[in-house]
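Keeping their order, the protein sequence lines are chains S and A. Taken in order, the first sequence gives residues 551 to 977; the numbers are from my numbering. Taken in order, the second sequence gives residues 551 to 977; the numbers are from my numbering.
If you are wondering where the hints come from, they were derived from the structure by calculation, not from laboratory data. Careful, some of the hints might be misleading.
Chain copies aren't distinguished; within one or between two, either way the pair holds.
Pairs of lysine-lysine, BS3-like flavour, derived with a Cα cap of 30 angstroms [stated by the list, open to error]:
{"hint": "1", "residue 1": "K647", "residue 2": "K791"}
{"hint": "2", "residue 1": "K809", "residue 2": "K791"}
{"hint": "3", "residue 1": "K654", "residue 2": "K809"}
{"hint": "4", "residue 1": "K925", "residue 2": "K654"}
{"hint": "5", "residue 1": "K730", "residue 2": "K791"}
{"hint": "6", "residue 1": "K831", "residue 2": "K925"}
{"hint": "7", "residue 1": "K682", "residue 2": "K925"}
{"hint": "8", "residue 1": "K647", "residue 2": "K925"}
2 protein chains.
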Amino acid sequence: MFVELITTGSELLLGATLNSHQQWIGRRLAEIGLPVNRQLTVPDTGTAIADAVREALTRADLVITTGGLGPTSDDRTRDEIARLLNLSLTEDPEVLKQIELVFKRRNRPFPPNFETIARTQAQVPAGAIVLKNEHGSAPGLAIDVATENKTGRGRLLIVLPGPPRELHPMFLAYAIPLLKTRFPEVGTFSCLTFHTIGVGESRVEDAIRPHLVELESNGLEIGYCARVGEVDVRLTALGPKGEELVREASLRVRRLLGKFIYSESGQSLEEVIVHLLAELKQTLVTAESCTGGFVSHCLTNVPGASDVLLGGLVTYSNEFKRELLGVRDETLSAHGAVSEQTAREMAEGARTRYRADYAIAITGIAGPGGGSVEKPVGTVFIGVADANGVDVQRHQNAFDRETFKFITGRQSLEMLRRRLITAQREK
Amino acid sequence: MFVELITTGSELLLGATLNSHQQWIGRRLAEIGLPVNRQLTVPDTGTAIADAVREALTRADLVITTGGLGPTSDDRTRDEIARLLNLSLTEDPEVLKQIELVFKRRNRPFPPNFETIARTQAQVPAGAIVLKNEHGSAPGLAIDVATENKTGRGRLLIVLPGPPRELHPMFLAYAIPLLKTRFPEVGTFSCLTFHTIGVGESRVEDAIRPHLVELESNGLEIGYCARVGEVDVRLTALGPKGEELVREASLRVRRLLGKFIYSESGQSLEEVIVHLLAELKQTLVTAESCTGGFVSHCLTNVPGASDVLLGGLVTYSNEFKRELLGVRDETLSAHGAVSEQTAREMAEGARTRYRADYAIAITGIAGPGGGSVEKPVGTVFIGVADANGVDVQRHQNAFDRETFKFITGRQSLEMLRRRLITAQREK
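Start from the sequences and build out the full structure, keeping to the hints where you can.
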């Protein structure tokens, strides 16, 4: 089984847009046992799309394209593919009706060129299955390509629109069920990913690899992926014995890496925390200076965050630190806004003033300006408060501004996670 | 000139990691006139890397790979490429010294297997130029591949490490200057991107395309990219006349799209706002309920935000809305927390209580829970306050939670931008 993903769009190659489809589709396909083997991006000009699809069809059982189905002149995927496969295009009345429906639901005036837009996008190649677009105008297409491969079965080409909010629901509702029917052998791919934080990539490998040697020789594959401040360990295996191999390996990894593992199978650190707080019926307040709301933003991405996060304070200025958190004037003048003492008073102030069980407080120098000899750019103090008191850690996160915010935010969440795990154990 | 980017890593194909290199490198190369023509992701297993590089070298003048230079067993790029090109690997004493230096600077104990890590990563293929890694252990490599192409010049292969904080500074300090020397014809690619907000993709095309017809027939290319709630218009042209073509087209686009354009050449909406506030010497406070700190997070990504953003309040609970913003009990009970009146009092309260010139206030239902018939999931009220009063807009942003936060946040920033532009004009 070979799966190839072709993302089209010059904006991807020029770096104007992030290729988020690669991640999103890759993850969904891996979940159903159809991991992507190759991903290609081509521009939406000339014959690049047709060339890429032609080449992919020579090796892949499943080819998926994204983008180029819109109403503008650089949207060429539908036409290029119809020409490549020598399929006539016909207006599909059902698709036309669906496009009208979507436009009506928006409660906005129809664009003056609505008819042209609709008629262009309602063109369907002969024999294609239409994948309904419930959030935009261009439908997706699934085309059986007669060229047989070594499995004795034709190849499947799935053509998807570019906008994520059209692609995502379409993929889940229509493409996934189609793939499961079409490739009944899926599911023989086993995969488990551990997310670890606070330990380096080679230390992770040294800790686990010697204990997995014989599983590797039986077909287990181990992948390491160093992300900013974190390392993922991915265990995969193919075939009917794969599940058992991954299960056995995961038992060992869990024992060897212990508390460094914050989640398995994709839960984010913030999801883990919101769920722990909910389980323990505890509440949280955040007090952020240099991270500027990043921590509360992460936490509020999790559905149900409103049950545990009472609120957050972004206290950039000293005045805000005093007024909203009760940090003392003497503390600010004796130790400065970026100090252990200030972090401590911020955390304690946030917790008691706003009647929360836990508080996170962060104060530091994100840069590029503002550093000094004693406190260079990247210096940060993170406080976590609960009923037992405040812990403060000092870190030196000398990165660009966005990475600084990211790493600092993750460190604060990890400090809180450790506290919550202790609380959970003591319960 | 053909440029191919090969990103390696099974984690990219499985969707465990976002392919941020594609965007970052794509943008840097476009800026120096070397737009990427093709991007490929291959797994870090087997001979996939060598196969991809071999194939790329048959068509590209410049091939760039990322990833697979680390110390773990799935890091195979260096070995695979040396084998493919038949180059011997030798330990480079300078590289070894640099690796030690980087480890020393970290102020942490050396890992027990340091010598193995260092010696593996100090292997350099014969004839390769070393690109110094100032933030990690594996150096980059630039290799002249003898195979000549139609320009009568060899092909260049650049091999880069995977971690962004190693790759980024290395690319800027060592790869870019090398590319400029090696490809002196660069710079004949002209490109300008307009970022627009508040108008759909086909309306944008209808507004500008009829006015650019003759420029298109002279070689101008127009690209449209619909992002969430926004549309980018990209004007590109090759060759010595390209600059003039893009300049002329940009004059027309600027006139035709006017206030819908929030920036040119890549400035983000939040950068535009921070710079406008700084120019006008005005301050801002944010009061966010359902966006949970996303708006203050965006703004604080911009260096210098601390000069204009006094702080932010994430007032998830009604108690926070009352205590921190002075929203009245009667307002909350008569109209609810998600209402025009509450948004108005939040904005006005934030502005006056915290003595800012401007305030943004957001209250809504992000979902998935919490909706009702009158106020379904996605309902949101955005208030922007200044000395002249408060404007409130109601929007219906019925998306998944993260998209809801994103779109709502952008709408609030756009409301503020319009106000700031008016203030700038009146000054």
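Structure-based check of all given hints:
In this assembly of identical chains, the alpha carbons of K647 and K791 never lie at most 30 angstroms apart, being 48 angstroms within a copy and 46 angstroms across copies at closest. In the homo-oligomer, the alpha carbons of K809 and K791 lie at most 30 angstroms apart inside one protomer (29 angstroms), although the nearest pairing across protomers, at 61 angstroms, exceeds that limit. Proximity of K654 to K809 under the C-alpha cut-off of 30 angstroms is restricted to the inter-copy arrangement: shortest distance 27 angstroms between copies versus 53 angstroms within a copy. For the homomeric pair K925 and K654, the shortest alpha-carbon distance between copies (20 angstroms) is at most 30 angstroms, but the shortest distance inside one copy (58 angstroms) is not.
When the C-alpha separation of K730 and K791 is checked against a cutoff of 30 angstroms, the pair qualifies only within one copy, where the shortest distance is 20 angstroms, while the shortest distance between copies is 52 angstroms. Taking the closest pair of Cα atoms, K831 and K925 come within 30 angstroms of each other only across two copies (28 angstroms); inside a single copy the shortest separation is 38 angstroms, beyond that limit. In the homo-oligomer, the alpha carbons of K682 and K925 lie at most 30 angstroms apart only across protomers (28 angstroms), although the nearest pairing inside one protomer, at 57 angstroms, exceeds that limit. Taking the shortest alpha-carbon separations for K647 and K925, only the inter-copy value of 28 angstroms comes in at or below 30 angstroms, while the best intra-copy value is 64 angstroms.
Hint 1 from the list above is the single one not met by this structure.
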